[in-house]
Structure formats: structure tokens, C-alpha cells
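Chemist: With the hints as your guide, set chain B onto chain A.
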Amino acid sequence: MTQTRRSFLKTGAALMGALPFARALPAAAATDTLVVVSGQTINSLDLHRTGTNRASYQIAVNCYDRLVTFGQKEAPGGGLSYDYAKIEPELAENWTISQDGLTLTFTLKDATFQDGSKVTAHDVKWSFDRAVTVGGFPTTQMKAGGLERPDQFEAVDDKTFVVKLDRPSKLSLPDLAVPVPFIINSALAKSHATEADPWAMEYLHKNTIGSGAYSVSRWTPGQQVVYERFDGWVGGPAPKVKRIIVREVPSAATQRALVERGDVQVAFDIPDKDAAELADSLTVVSTPIENCIHALCLNTNFAPFTDPEVRKAIACAVPYESIFQAAAYERGAPLWGGPAEITDTAWPRKSPYDTDLEKAKAHMAASGHADGFDVTLSISTDLATWMEPAALLIQEAVGKIGINATVEKIPGANWRTACLVEKRLAMHLENFGGWLNTPDYYFFWAYQKGHLFNSSNYYNEEVEQLTNETLHMAMDDPEYAPKIERMFRIAFEDLPRIPLYQPALNVAMNGAEGYEFWFHRQLDVRSLGAAES
Amino acid sequence: MAGRWKAVGLRVAQSVPVVLGVVVISFLLTRALPGDPAVQFAGAAATPESIEQVRVALGLDKPLLQQFLIYCGQLLQGDLGQSVSTGRPVAEELAARLPASLELTLTALILSCAVAIPLGVLAATRPGSWVDQLCRLLVTAGVSLPTFFTGIVLIYVFYYLLGIAPSPLGRLDFVYLEPDPVTGFYLIDAALMGDWETWFGALKQLVLPAITLALFTLAPLARMTRAAMLSALSADFIRTARAAGLSRGKVLYGYAFRNALLPVVTTLGMVFSFVLGANVLVEKVFAWPGIGSYAVEALVVSDYAAVQGFVLSMALLFVALNLVIDLAYSVIDPRFGTEAK
Chain A
1 MTQTRRSFLK
11 TGAALMGALP
21 FARALPAAAA
31 TDTLVVVSGQ
41 TINSLDLHRT
51 GTNRASYQIA
61 VNCYDRLVTF
71 GQKEAPGGGL
81 SYDYAKIEPE
91 LAENWTISQD
101 GLTLTFTLKD
111 ATFQDGSKVT
121 AHDVKWSFDR
131 AVTVGGFPTT
141 QMKAGGLERP
151 DQFEAVDDKT
161 FVVKLDRPSK
171 LSLPDLAVPV
181 PFIINSALAK
191 SHATEADPWA
201 MEYLHKNTIG
211 SGAYSVSRWT
221 PGQQVVYERF
231 DGWVGGPAPK
241 VKRIIVREVP
251 SAATQRALVE
261 RGDVQVAFDI
271 PDKDAAELAD
281 SLTVVSTPIE
291 NCIHALCLNT
301 NFAPFTDPEV
311 RKAIACAVPY
321 ESIFQAAAYE
331 RGAPLWGGPA
341 EITDTAWPRK
351 SPYDTDLEKA
361 KAHMAASGHA
371 DGFDVTLSIS
381 TDLATWMEPA
391 ALLIQEAVGK
401 IGINATVEKI
411 PGANWRTACL
421 VEKRLAMHLE
431 NFGGWLNTPD
441 YYFFWAYQKG
451 HLFNSSNYYN
461 EEVEQLTNET
471 LHMAMDDPEY
481 APKIERMFRI
491 AFEDLPRIPL
501 YQPALNVAMN
511 GAEGYEFWFH
521 RQLDVRSLGA
531 AES
Chain B
1 MAGRWKAVGL
11 RVAQSVPVVL
21 GVVVISFLLT
31 RALPGDPAVQ
41 FAGAAATPES
51 IEQVRVALGL
61 DKPLLQQFLI
71 YCGQLLQGDL
81 GQSVSTGRPV
91 AEELAARLPA
101 SLELTLTALI
111 LSCAVAIPLG
121 VLAATRPGSW
131 VDQLCRLLVT
141 AGVSLPTFFT
151 GIVLIYVFYY
161 LLGIAPSPLG
171 RLDFVYLEPD
181 PVTGFYLIDA
191 ALMGDWETWF
201 GALKQLVLPA
211 ITLALFTLAP
221 LARMTRAAML
231 SALSADFIRT
241 ARAAGLSRGK
251 VLYGYAFRNA
261 LLPVVTTLGM
271 VFSFVLGANV
281 LVEKVFAWPG
291 IGSYAVEALV
301 VSDYAAVQGF
311 VLSMALLFVA
321 LNLVIDLAYS
331 VIDPRFGTEA
341 K
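So the sequence lines, in the order shown, correspond to chains A and B. So the first sequence is numbered by full-length UniProt numbering: it starts at 1 and just counts up by one. So the second sequence is numbered by full-length UniProt numbering: it starts at 1 and just counts up by one.
With the rest of the complex left out, here is chain A:
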């Protein structure tokens, strides 16, 4: 951001390659720059700041290193995806886990920060201390892996970093690969810290000082972020593109026109409808979002929904197929009509329910509400693109079994409070996706009493116990699979959430390749390259 006007104009020649009216320039120049459009606003360069939004997570990923990262695999729907099952080194050369699983010892690579100084274990310690101290989202996410207090982290020497856990957990190592525990140049940060701001929040909000593959050279809030490659990056294979411009374009129609004309190379996170239509002419990747489910939730605090027969009746009445077509344009993955027997721990999984009006009517007749009842079906205006068609189809379907549902739209700012915090919506649509890709982690957030995404107020003693037992248990533990399967069975029997489908993240490319899907649903620009044409 300290770039002068002159130096920017000097590099302008390379930049021209991306421009429509400069096509006469040598073709080689074109691979220097990629332009991405996205509808989201990046509101900070520091993920640890209070109020930093989801779009900004990409900065942490692209400009900073974590100790470890996830591997790659082929993704359903095309392109690559991160691989939760494979943990790979990023800043750490290697690591050992003690016999009791309580001590993780990392040895760092010979890495340098973007300002040329060495990355040491002290930087890691400072960054981790920051993440567990500043409060809010970063602190909560660190806790998920059992990382709660600064005294758990120790820089033994410049190269060796130790994490001490209170209990062994399978979530600890993966939790070090999420965007939150990114490693900051602590010397530089401290030089900008003040007494009122010991963690240099002000400075990091506007500057990236990591050792990652890119740095942000220009950030104009509400308009664009310009990434510049850092050639000294040791965290992974060197990125192909020198400069990547992420431009904000709120209108989906405009995004589509830009990518179709080829003036931009990537349109990130486009609507399902556009993805379905563009798939014929451009490279469109629609990755079902791992550990994420669009669901119809029935609040067990409200009278008719306390009756399991009513919940089953609704699960049999929902027109899954039409919802998947109308709300998702068949992007993503169906989550209905699965086998009745549960014999594996795959997640998200198809529920054993399918649209069957006769069965639904039978369940209604068997319930204490055979004459039907009135209910409000709530949706969020922010998520209306999928919620509205889904709600209308559900409203029509449950009408056939005597349930008179009124659709209520709640404005975005109020939705989180009403749905997740106060949990006061009787029947509503909801979606949750967990970053740590295990079923028990999903259950922890969505099925345990009082937890944020348990918007149905669900409580079942056995599920509580099973979730607590499996949450930190290793996945190859012989007890793990039976407990998870038991958990699934109860969840599909009790039905506080009726899974509808797994949503997709859609990306259209025209002149770019190497896209990789990540659980944080933000663009990882490190793997992008210009497509040969």
C-alpha cells in the first residue's frame, strides 16, 4: 500500500495484459495478471479483528502461512478440493506427537517473511497467543482444537515450537490448518503496537505482514484487493500468477457478463442458476460444500413439533426433488432417499426419507394433530435465493397433510438473532457447514443443547453423550464408527433437522485454471494459473 503512483504505472504494462483494449500486447504478458470478480466485500486484512467478515478469510489464506495445511484431491463437480484426510506441512518442516497425544512439537522450515526477516518459533507463539486472546470468532475456533490459553504454546528455540494440550484430540492438528492460526511477523507487528492496542490490530487491519504466497499491495475497501506474488514463499509450490486482482461486483448479472466476455478470468461464488446456464460455454466448477447441509428445522420447543409423528410426517411430505431443482438448479448433492440401514460414517449423508404423501398422511393420522394446525415458516431475506423457492414448495406440500404454513421473511440483521441466538422460530430453513470435516463436529454445533446452530432446541441425552465421546476421539478408534452410526440413527429418528440438500460453491472460469475448493468457501488464489488456449 506504500506503492507510489510512478511504480504502479511502471508495472502497468504487465497489467495491461488483462485488458480488453490491450490485446495487441505480447501474449506472454497476459499470464502475469488474473482478474477475479466476486460479489463479496473484503472488509479487513486481519481475520482476528472483531467484525471481519467471511470474504476476508481469503486474505489470511493467501497472504499468511499456517504451520500445516491440507492436501489436495480431485473434487466431485470438477476441479480440485482440499483433502481433510491429509495433513501436509506448510511452515512446519515436520512435527511429532507425543505418545499420550498431549504434546505436539513442530520444527519450522527456513522461511522468511515478506519483509525479509526470518520466521521463528517466537513469531508462531506470538500469533497463537493473539488468536486465543483477542476474543470473538478466532478464540472460539482455536478452542475447537483444544487451544485455549497462551501458556499452552512454547517457543523452545528459533526452530522448535511446542503445543501442549489438556487432552488428546483428533481436531487439534486439523484446527491448525484452518485460516485462524496464521503466522504473523511479530517483530514488525510489535513495532506498530501501542499500549491501547497490544496486538497491533490497527496495523494488521490494513497491512499483510506474513510469509505467505502473496501480499496485498493495494486494498480499496468496497472496490478491490490486489495480490502481489511473494517469490520467497516456501510453504508450497510456487504460484504461477504474479498479480491477482479481486474486484468487487455486487450484481450477479454484471459478473456474468464480465466473465462471459473474458474481461475477467474468474467469477467466484456465482448463483446456482448462472452456474447451471454458463456450464455449456465456460468452465464451471460446482463443488458440494463439505460438511454443509441446507435443512428444514422443526423447533422442538413448539407444540406440534414435540410430537415425533408430526416431524416424520413433514419429512415424508417435503418435495425434495422439486426443491433441489428450483432452489439449487441441481447444483450440489441430494440428501434424501438414502438407505434405511446405516452402516458407515459418511457425512453429509442422505436421510432415509423420501417424498411419500401416503406415508406422510399416515404419520399425521397417528399423531395427536390429525386435523392439522397453523404454523409459521420463517426464512431470511438475505438467503432468499434458495430459501424462498424451498419455502414455497414446502408450504404447498405440507398443506396437503393439513398443515397451514405461513411464510415469514426476516431481514438479514435480525435473522441470526432470531434463528440462532434466541432460537425462537418454530419452523424454518437453516444451513450450517462445519470447518472441521467430521460428523461429530457437525453434531457438536447443530445437535447439542444450547449450541449456536441447534436452532431447533434439540435435546437428546444419548446424542449429547455420543457427541462428547466422539468429538475428540481418533477416527480409527474401534469405538468411533459404532457410536457415530448410533448418533445418525437417533438424529434421523428424532428429526429436529430435515436435510434437504448439500449446497454447492460455484465458480466460473474463462481463461483460468487450477481452482481449488476450500472449506472456508473463499478463493485460494495460490493454485490459480492462466489457462492455455
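Heads up, some of the hints might be wrong.
Said to hold, decoys possible - With the C-beta cut set under 10 Å, the calculated list includes, among others, these residues of chain B facing chain A:
#1 E49
#2 R88
#3 A91
#4 S234
#5 I238
#6 T240
#7 F286
#8 P289
As the list claims (entries may be wrong) - Computed from the model, here is a short list of chain B residues facing chain A with C-beta under 7 Å:
#9 V39
#10 S50
#11 A57
#12 G59
#13 V84
#14 S85
#15 T86
#16 V115
#17 P118
#18 L122
#19 F149
#20 Y160
#21 S167
#22 A287
#23 V300
Derived by calculation from the structure, the hints in this document are not laboratory data. All C-beta atoms, glycine included, are put in the ideal place defined by N, C-alpha and C.
Modeler: Leaving out everything else, chain B in the frame of chain A:
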């Protein structure tokens, strides 16, 4: 003359209570909004503890009156507070975005005046002619086409199909660096620097959104000009002037048009304030980093400081605008401040 200055002074003084009222109301209104900013900003995986931490960090745990006094104290120092969602001072944010909206709105208004007023005059002098019909057609199209629709159609035709227009990517394409901020208006700043390449770049980006908005504002202006001219032309003093043998130009522009200008200026003021609000949609379509999209964003996430700052600055703008319009009367209408009371 003294009477006129006194009237002007009185008019300026009237603005003060309005501004004070806006401060109070904008504060109370934001608090009355549904939605809890602490919940919003605690992030994706919030626990009750982290929500509480955020609430304290934002100062929302304090009693309402105390929050208001803090807010007023900050205002007196010219501080509009810190926007949580963007992490920048609201004043800085508004200073960056307001000129973008104003540049677009003013360009559109100038464009639409340049078309609407002559068109209205011509239509009024030749009622029933083809000019009159054209005026009617434009007016009908202007009021019936929503701005976002016009915008998308223009992008589709001139950018997507014909490839004449530049990419609809905001105020400047990548090759240009924004000019050093003096006024915040790219056209003016680039001209001040003598950087005509950037000036031209900014102008190109401005054309489509400005036309979109101009089409929208054309209707009331042309209709008002036509009506005012018609009534002025049928007035007694015009008949007298004609009978006295004054030239057609003198009658038309010296007498009729000057009289017709008053309602046109009033309409212009109304249209301006209306368009500043209506260009949210145009800003979205053309990725224009203006104030409208900022305010909507802030409202959606209950970003109190940003909403208050926006409401306040808009109120000040409207107060100033109305003042300017009233003062413009004093120039156009020689009776101002004499028999008005």
C-alpha cells in the same frame, strides 16, 4: 436588499434545529433496528461468551443515555465513530464514497437537464408536434423503467453485445490509478493533475451509469418544464409583451422561461434528493463504490456508527441542498425577501 439578506439569514438559521433533530432520531432509530450487532460481528461460530466480549468491545453494554452522550461528544470533535464492518472511521469512509455518488448523480442530472429542459421548452412551444410526442414518449419510458433494469439492458447492449462500453467495473478500469484526492470527483481531480488519460478513463466509466440515471430523472424535469412553460406562455404578461412587439426570443427566454424556471428548480431539488437514494441499484449494477451500497451494507449488518454517519451526512446534504434551492429562488425571483412575509 437588506430584507433579502435577512430572509436568507433566517432561512439558514432554520436548518439548525433540523440537524439537531436528525442527530437524535438517527441515534434512536439505529437502536430500534431489529438485529443485534454483537451477534452479527461475533462471527460464524459464536458462543454466548464471545458475543458478550464483542458487546463490551463495541461499547454496547453501556446504558443508552451514556452511549448517546459518548456519541454526541464524538460528533462535537468531528468524529463519526468507527464502522465495525469496514474497520475504518466512518468519516473517512463517507469522504471516500460520497463523492463517487455525487459525481454520478450530478453528471446524470446535468445530462438530464441538458436534454429535458430544451425538450420541455420545445414541446411547450409546439404542442402536438413530433417534438411534443417525443417528449411524451421519453417521459413515459423514463418513469416506467426501473433503473436497475435500464442499467442491465445498457450493459447487455453496449458492453456485452456491441463491446463499445468499458467493463462495468466501477469508477476506473485497472490500468488507471485513481487521481490524488482533492475533491474526490475523479473528473475534477484528474483535470487538476492534468492527467487527461485518467480523466478520459473515468469519463468512459461514467457514461453508462449516468445515462441510466439520466433516463430516470428526465421524466419529471421534462414534464415540469413543459407544463410550466405552457402556463407561462398563456399568461397575460406574455400576451402584453407580444402585443408590445418584443422579439420572439426575448418573450420566450427573457420572460416566459425565467418565470417557468422556478417550478423547474424546485423539481430539480426534489429529483436530486430522490436520485441520491435511488442510485443504490445503479451502484450495484455498475459496481460503483458509492454511498448507497455502503449504507445498505451497513444496515444489513446493524453497523450502528456507519448507519448514523450516513443518515447524518445525508441530512446535512439535504439541508444544504434545500438551502441552495431557496437561495436560487432569491436570484431567479426578484420578489424574494420583500413581500414573501
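Chemist: Compare the structure with each hint and give your call.
Modeler: Here is how each hint holds up against the structure:
1. E49: For E49 of chain B, the interface hint holds, since the closest Cβ of chain A sits about 8 Å away, which is under 10 Å.
2. R88: At about 7 Å, which falls below the 10 Å cut-off, the nearest Cβ of chain A leaves the hint on R88 of chain B intact, so it holds.
3. A91: The hint is violated - A91 of chain B has no Cβ within 10 Å of chain A, the shortest such distance being about 14 Å.
4. S234: violated, 47 Å
5. I238: violated, 49 Å
6. T240: violated, 56 Å
7. F286: holds, 7 Å
8. P289: Holds, about 4 Å.
9. V39: Constraint on V39 of chain B satisfied, holds at 5 Å.
10. S50: holds, 5 Å
11. A57: holds, 5 Å
12. G59: This interface hint is violated because 12 Å lies over the 7 Å limit.
13. V84: OK, holds: V84 of chain B within 7 Å of chain A, min 4 Å.
14. S85: Status holds, d = 5 Å.
15. T86: With Cβ-Cβ at 5 Å, under 7 Å, it holds.
16. V115: violated, 26 Å
17. P118: violated, 33 Å
18. L122: Interface hint status for L122 of chain B: violated (36 Å vs cutoff 7 Å).
19. F149: violated, 10 Å
20. Y160: holds, 5 Å
21. S167: Holds: closest Cβ of chain A sits about 5 Å from S167 of chain B, inside 7 Å.
22. A287: Since the shortest Cβ distance to chain A is 4 Å, the answer is holds.
23. V300: holds, 5 Å
Violated hints for the displayed structure, listed by number in ascending order: 3, 4, 5, 6, 12, 16, 17, 18, 19.
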